[in-house]
Each structure stands twice: as structure tokens, then as C-alpha cells.
Amino acid sequence: EDQVTQSPEALRLQEGESSSLNCSYTVSGLRGLFWYRQDPGKGPEFLFTLYSAGEEKEKERLKATLTKKESFLHITAPKPEDSATYLCAVQADYGQNFVFGPGTRLSVLP
Amino acid sequence: EPEVTQTPSHQVTQMGQEVILRCVPISNHLYFYWYRQILGQKVEFLVSFYNNEISEKSEIFDDQFSVERPDGSNFTLKIRSTKLEDSAMYFCARGPGTVVGTQYFGPGTRLLVL
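For the protein sequence lines, the chains are A and B, in the order given. Sequential numbering from 1 applies to the first sequence in the numbering used here. Sequential numbering from 1 applies to the second sequence in the numbering used here.
Don't take each hint at face value.
[To be verified] Derived contacts from chain A toward chain B, CB cut-off under 8 Å, selection only:
no. : residue
1   : P44
2   : L87
3   : Q96
Calculated directly from the structure, the hints in this document are not laboratory data. Positions of the beta carbon are idealized from the N, C-alpha and C atoms, including for glycine.
This is chain B alone, in the form it adopts within the complex (with noise of 0.2 Å):
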């Protein structure tokens, strides 16, 4: 049974469109991440969420990407004016209570850019 659930499953959309992914939790939680994986490549970090905040994000969360939690529920990402090279799989995870600690990743979204 997942962490999280995911949606959509699959979402296809043109070049220069918005997407916005959902993550919600299925326990109250205060720690959320989301990872990308590109077809073939690692799982690599976007951002962390704590406490309806961005704690941290990588060179690849840039101005394109937005999180939020607009209703203290579900979890989104956005992505603004996608491209190609954003088609992969986006993995929602929640953490422990603390910082440290295991994640638990949701089944995904797998998103085409076309």
C-alpha cells in the first residue's frame, strides 16, 4: 500500500502547456519531496516541502517549478511553459517525522511532453 497516492498516472500535454501533479498523503504528514526520473536515468531530487514551506530544492527546481499545498491537503507541483526535456516520471514522497530519515515514494506520474 503507497505512502502516497498520485495524480494522474499519466498526463500528456504540449510543449510550452502547464501541468500541475498531485500528491496526496494518506496519513497526515509534515515533510514531502519530489524526484523526477528521466527514462533510463537516476532518480534526482527537485524539492522539499516543510510546514507549507520550500526547505530545500536543487539546481533543477527552477523558476519554471512551483509547489504548494492549497488546502493543507494535497500536495502540487507545477510546472509552467514545459518542454521536452521535462517528459519523466515525477515521484512524490513523504518523510519520517524528522528531517532525517526514510522516504516513501508515491507510484508516480509519468509525463510526455510533446
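One chain only, chain A, in its complex shape (with noise of 0.2 Å):
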């Protein structure tokens, strides 16, 4: 069975402290994996998508990376806008559906 983990759960950081998130996947074969933000009530918006291992996605202060386990997505000098639900999302090669990770909740505090 697809499985997506994504670790830390909650991440508080202060404003300009860089970190990362990790998503860990188990899948038969990946076709993408894929990086959303999501804001309280509200549905997930794009960020990434990676096909794969050593491929790297970059924008604004976000930076996405991809292994052959897992997925890391880098934020560098966080502002407070940044405070969000960050959703990880594997599609395997035999299907359409998206696997969600459960989310990482990043709160930055100015």
C-alpha cells in the first residue's frame, strides 16, 4: 500500500529561521511527487512537483528536493506569511489518484 509520512507534525520557527520538512513516501513506482501549501480552510495550492531522485525545485524562499525515499522541502529566511500547512503528495505509476501526507504545520513567528 502507498504510504506518505511527513515529519515534523508542527514546526514553530522565528522570522529568518531557515529549517527543513520532510515528507517520506512508500511507493511502487513514483511517477511525481508533489508539494502544496495550504491555508485554514481553504484548498491546497501548488508549489512543486518532482519526477525524479537529485531533481530540485526552487522558489522565493522555498526549495524542493527528492531522493529515492523522500522528498525534502527547505525554507530559507521564513517570513510569518509563510504560516501554513505544507502537504506532501505522491502519484504512483499505475494510477492517477494523489497519496497525501498527513502535513506539516509551520508557524513563523516574528
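Assembling the complex is the task here: the two chains are given apart, and the hints tell you how they should meet.
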């Protein structure tokens, strides 16, 4: 069974304090790994897609990396507006659906 | 700007009633998906819809649920005889031009079953 876990469950950072979020996955064949941001009561907002080990994507203060077993979302010098839940999802090579992890709830304090 | 819009944003219903949730894509796409998120839990896949047919569904998507595209534009999720445990956020997503790749989510419909 495909599984996605994320750690930590919650993370509190001071503004400017860089850190990383982890997404570990078990899937028979990975078609893609996806990072989303979700604000309370809103739909997931797309951040990155990664397709193969070694791939990296960057956007502003965020950088996503992928290995064969996990992905990291690195946040450099975060700001309070980066506070949200960050979701990781995988798509297996045999299907269309996304399997989501439970998310990491990030709070960035001013 | 959302890739899809969803109506209503909130729905309150009595247990046993039927509800219809609607998704309207911003532009023409072939792949659509429904997911749900029970409060405090993971986002869970319900069903995928391609070219006006169900292409994949989860164990959650039983006979209580149905999807259709009645007018070639709106994409609906019908939940018959709602139960308390159906209370959740329901998200519609549209896919890329192929089965592979990013799914873009709508703002969701919050369903509360009393």
C-alpha cells in the first residue's frame, strides 16, 4: 500500500530561522511527488512537482528536493506569511490519484 | 486565481438528505478529481473523471456517491443519504492534459451533516 508520512507534525520558527520539512514515501513506482501549501479552510495550493531522484525546484524562499525515499522542503529565512500547512503527495505509476501525507503545520513568528 | 471554482462554499444538511456539490473549471480540461478532507485529517482521493467517465475510484467512493458532467461544463459530486461522517471539506481538482502531473485544487465546499 502506498504511504506518505511527514515530519515534523508541527514546527514553530522565528522569522529568518531556516529549516526543512521531510516527506517520506513508500510507493511501488513513483510517477511524481508534489508539494502543496494549505491555509486554514482553503484548498491546497500547488508549489512544486518533482519527478526523479536528484531533482530540485526553487521558488522564492522554498526549495524542494527528491531522493528515492524522501523529499525535503527547505525554507530559507521564512516570513510570517509562510505560516501554513505544507502537504506532500505522491502519484504512483499505476494510477491517477494522489496519496497525501498528513502535512506539517508551520508557524513563523515575527 | 483558482483553477476551478466550487459551489456552494458551505452546505449544511440533515442526515439522510442528498447533496450536490459543483465544480466549474476555468478552462476546458479533460481530467477532474474529487477529494475530501475530514477536519484534522489527510486529504483523501475519492474519484477521477476523464472524458465524461469515471476512470478511477477509491474504496470511499461507494454507491452513496456519484459524479457526472451534466452539461459538458459543470462537474458534480452527488452524495445520497448523507451521514454524519460525510462532514468534511470536498475539493475538486483539475489535472493536466495527461494522466501524469500536477493537479490544481479548487477552494472547496465545506459540508456539515447534522
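message: Flag every earlier hint the structure violates by its number, smallest first.
response: none
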